[in-house]
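These are the residues of each chain, in order.
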Amino acid sequence: MATTTLEPRAAGYRRSWVMDWLTTVDHKKIGILYIVNSFLFFFAAGILALVIRAELMVPGMQFVDQDTYNQAFTMHGTIMIFLFIVPVLSGFGNYIVPLMIGAPDMAFPRINALSFWLLPLGGILIFSGYLFGGAAAEGWTAYTPLSGPSYGSTPGTDLWIIGLTLVGTASILGAVNFIATIFKMRAPGMTLFRMPIFVWTMLVTATLILLATPVLTAGLIALFIDRNYGGSFFDPSVGGNPILWQHIFWFFGHPEVYIVILPAMGVVSEILPVFSRKPLFGYKAFVFATVGIGLLSFSVWAHHMFTTGAVFLPFFAFMTALIAIPTGIKMFNWLATLWRGKLMLTTPMLFSLGFLSMFLIGGISGVMLASPPIDFHVQDTYFVVAHLHYVFFGGSVFGVFAASYYWFPKMFGKKLNEPLGKIHFWLHFIGFNLAFFPMHQLGLSGMPRRIGDYSPDAGWTILNMISTAGAFMIAISILPFLINVIATFINGEPAGDDPWEGNTLEWATTSPPPPHNFDRLPPIHSERPLFFLTHGHGHAAERPEDLEEEPIGASKHGDAERRPEDLV
Amino acid sequence: MQPTAARSRRRTILRVGAPLIVLALAASGCLLPPDPVTEDGQDVFNLYLLVLALAAIVFIGVEGFILYAIFRYRRQPGDDVLPEQHHGNNTIEVIWTIIPTVIVLILFIFSVITLGEMEGGSEDPGVTIEVDGFQWQWTFTYPEGGTETGAIGNPPTLVVPVNEPVRLVLNSLDVNHAFYVPQFLIKRDLIPVGENGAPNELEFTITEVGTYAGQCAEFCGTAHADMTFVIDARTREAYDEYAAAKASGSPPPATGGGDCEVTIEIKAENIQYDIDEFEVPADTAFCIAFENLEDIPHNVAIYDGGDALFQGQILNEAGSITYQVPALPAGDYRFICDVHPTEMVGDVTVTQ
Numbered sequence: 000m001a002t003t004t005l006e007p008r009a010a011g012y013r014r015s016w017v018m019d020w021l022t023t024v025d026h027k028k029i030g031i032l033y034i035v036n037s038f039l040f041f042f043a044a045g046i047l048a049l050v051i052r053a054e055l056m057v058p059g060m061q062f063v064d065q066d067t068y069n070q071a072f073t074m075h076g077t078i079m080i081f082l083f084i085v086p087v088l089s090g091f092g093n094y095i096v097p098l099m100i101g102a103p104d105m106a107f108p109r110i111n112a113l114s115f116w117l118l119p120l121g122g123i124l125i126f127s128g129y130l131f132g133g134a135a136a137e138g139w140t141a142y143t144p145l146s147g148p149s150y151g152s153t154p155g156t157d158l159w160i161i162g163l164t165l166v167g168t169a170s171i172l173g174a175v176n177f178i179a180t181i182f183k184m185r186a187p188g189m190t191l192f193r194m195p196i197f198v199w200t201m202l203v204t205a206t207l208i209l210l211a212t213p214v215l216t217a218g219l220i221a222l223f224i225d226r227n228y229g230g231s232f233f234d235p236s237v238g239g240n241p242i243l244w245q246h247i248f249w250f251f252g253h254p255e256v257y258i259v260i261l262p263a264m265g266v267v268s269e270i271l272p273v274f275s276r277k278p279l280f281g282y283k284a285f286v287f288a289t290v291g292i293g294l295l296s297f298s299v300w301a302h303h304m305f306t307t308g309a310v311f312l313p314f315f316a317f318m319t320a321l322i323a324i325p326t327g328i329k330m331f332n333w334l335a336t337l338w339r340g341k342l343m344l345t346t347p348m349l350f351s352l353g354f355l356s357m358f359l360i361g362g363i364s365g366v367m368l369a370s371p372p373i374d375f376h377v378q379d380t381y382f383v384v385a386h387l388h389y390v391f392f393g394g395s396v397f398g399v400f401a402a403s404y405y406w407f408p409k410m411f412g413k414k415l416n417e418p419l420g421k422i423h424f425w426l427h428f429i430g431f432n433l434a435f436f437p438m439h440q441l442g443l444s445g446m447p448r449r450i451g452d453y454s455p456d457a458g459w460t461i462l463n464m465i466s467t468a469g470a471f472m473i474a475i476s477i478l479p480f481l482i483n484v485i486a487t488f489i490n491g492e493p494a495g496d497d498p499w500e501g502n503t504l505e506w507a508t509t510s511p512p513p514p515h516n517f518d519r520l521p522p523i524h525s526e527r528p529l530f531f532l533t534h535g536h537g538h539a540a541e542r543p544e545d546l547e548e549e550p551i552g553a554s555k556h557g558d559a560e561r562r563p564e565d566l567v
Numbered sequence: 000m001q002p003t004a005a006r007s008r009r010r011t012i013l014r015v016g017a018p019l020i021v022l023a024l025a026a027s028g029c030l031l032p033p034d035p036v037t038e039d040g041q042d043v044f045n046l047y048l049l050v051l052a053l054a055a056i057v058f059i060g061v062e063g064f065i066l067y068a069i070f071r072y073r074r075q076p077g078d079d080v081l082p083e084q085h086h087g088n089n090t091i092e093v094i095w096t097i098i099p100t101v102i103v104l105i106l107f108i109f110s111v112i113t114l115g116e117m118e119g120g121s122e123d124p125g126v127t128i129e130v131d132g133f134q135w136q137w138t139f140t141y142p143e144g145g146t147e148t149g150a151i152g153n154p155p156t157l158v159v160p161v162n163e164p165v166r167l168v169l170n171s172l173d174v175n176h177a178f179y180v181p182q183f184l185i186k187r188d189l190i191p192v193g194e195n196g197a198p199n200e201l202e203f204t205i206t207e208v209g210t211y212a213g214q215c216a217e218f219c220g221t222a223h224a225d226m227t228f229v230i231d232a233r234t235r236e237a238y239d240e241y242a243a244a245k246a247s248g249s250p251p252p253a254t255g256g257g258d259c260e261v262t263i264e265i266k267a268e269n270i271q272y273d274i275d276e277f278e279v280p281a282d283t284a285f286c287i288a289f290e291n292l293e294d295i296p297h298n299v300a301i302y303d304g305g306d307a308l309f310q311g312q313i314l315n316e317a318g319s320i321t322y323q324v325p326a327l328p329a330g331d332y333r334f335i336c337d338v339h340p341t342e343m344v345g346d347v348t349v350t351q
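Residue numbers (numbering that gives the first Met the number 0), protein chains in the order written: chain P, 0 to 567; chain Y, 0 to 351.
If you're looking for bench data, these hints aren't it; they were derived computationally from the structure. Hints are not guaranteed to be accurate.
[Claimed, not checked] With a straight-line cut-off of 20 angstroms between C-alpha atoms, the simulated EDC-like cross-links for lysine to aspartate or glutamate are:
no. : chain 1 : residue 1 : chain 2 : residue 2
1   : P       : K341      : Y       : E62
2   : P       : K341      : Y       : E83
3   : P       : K341      : Y       : D78
Build out the structure end to end from the sequences listed, making use of the hints.
Right, here's the structure in full:
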């Protein structure tokens, strides 16, 4: 009998850790790459924010000239939105979504790696404008004709276009991957209405990306043609239309706001129930509200254009006001989740409560901006800057830090230090409000955005000083966070599999999870499979019948508990 | 039934509520736009007060509840009893769908009413003034014929009559700009529309004599922050006097080149000068024969650092002028166009 002993190749095959990270297709490693890459861009764009705030502290141009200032705010906005908030949330999605739905990986691991690696490439291209006579300086919205061939002639703007096209392509690929993963890779028993809310928000987000980002990409290519090959899409002197760019940009740009906020809402909707020890109040209402926000987000874009005199105001005002309804429902459901709960104020919970209270302010100012007459006054002023930072920073970035503290133990097996986390939170929270609340008043008093200088007679100096102090306080608040991460790596408290008594499947595996994610999956009877495992439905008298874990695949042909109405 | 719980709840409400209400009142007391000086501005201001009141109610309600929950529902150490597991309640969901719906409908209806009042402009405004925005200045052209163009450090003034509708026709000569006067509580974009488009218009009726600062609110490139202007609202008589004087205008002093020992010729085209340096003798008055070859405002001014030594009159359209420049001490200076200070610059050498 001729037998051949197969050499166990894996045993002899070792890659250096550098090659391992460069070539990985494991969703968890790619997720970490996304997050680390995003934080690097966050720090770069944060430094630009400090340049802006330093320059605005007092009237006059002190530190930079006007062109440098214009490049700084353009890069700040572009990098923060396209290379920090969107990808960092995608990174958490990449890491957590497959775990939450009990899948071994994303649906397309290689596409997953590609969509990550396009990001640093795009980001470097956008920044490389600084090497070729100056980065793009038209604002992150790049309105034509200013960004067109006659006025924005630096190569920085072309690099900005190419870089954003790559970043957009990365998001589209990632969106396809999320949608396929969520629809096709759920574990047995994980029906759509048992998916954690974070998975729902990632699903709606991915759909928005898939529908909105190609529009921006098309617009960017048209702009590139205008600039380099004599196109005239946006040139009024030969029949083009500069307003067309604003329509294209905001048709993408407003869904983008929800692309940025929905996953953060998802994070908060996971954390609040865990640390209130209650289920999310109104799970289905929450899902419908999320889908409703996604649908409405495509009908409101022109509220960014009320002062152009080129849009039908009542329609867009009405649709914009409508978005407040599903958002209000979410807020009430979050509050009801806290009601009569048993709240544990851990750092992730603090950041989530910070999200609620700060996003509320951004939501209120957003509804104010939906009113055209009020918008006529505050459009393009610091009121809008305040509003968007209360949504993006007070909302999304608080969500990002909540997610960081919440899932760090899962990712690295060690718990971040709580006292340092609380110092981070309070510095961050106070600094944030000092930096951005005064901007409401600056805008109401008429200070336009995107100016590097203002008159000493305008009465804006004191508020600008407060705002600058707040910005530096935010920067300082990052230090305890960084120290915390480094110290935890060196000497952190081991987290165990489930340090928070979590509800969802990611806590059912080891920390960090093995490459294939799960050895065994608990049965999935609700959106809180792990809670169910320990507490049943939470009524002391009642215990679930089958608490023992079952091996993966055991219920491949249907779970006895599954009823037809669950098979959505 | 549970006196301790009730007392503790009352105490929490007091502890949370009192400072929050004080804070909200203090904040909303300052979160106001400037006092409006136009009729439409007053309408916007009133609408804003209504919206701010609604905002304050929502803010106090929600933030108050969050703080209440934090103080009231803290988990005590060692408390392992699960709270009651509320999964939801459809009646409550319907109620709190109705609450934001009512709020946004109120907001929407009052916004549309205000919008109707604002857009119900007059058939026949008292004055119609052409406003041209360009990188990075303004030109105001009065119906009587006079024009005014700003220069860096010297913003233009738009003189208008009070108590009658004033219509502005907002043209952009290059990129997007926005005409914004905070005390009018309104802005409107200037968008290049090509030959077939109609420019935006803005109409207002100022109710108080005075001067009001304004500036470009749509980012328009390098010197966007310098695009300021001043509205000077006067009585009708004072306006007529000003407009007539502006129209007859003191014509540019057309001095023959013969009076000058030295004449420098400078032409402007495509937002560029044709020379980038010139040399003149020290302590001698000289002339600059300046020719503007395009319909974009230009001038020639001479600066020592930030100090203007000489500022020539701005030619708003193609034409020529001879400036008489006073004697300069020896040294190196710059000549620039006040309208395009970053693109149109050159060196002046004054030699002994």
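Now the hints, each set against the structure:
no.	hint	in the structure
1	P:K341 - Y:E62	19 angstroms, holds
2	P:K341 - Y:E83	10 angstroms, holds
3	P:K341 - Y:D78	9 angstroms, holds
The structure shown violates none of the earlier numbered hints.
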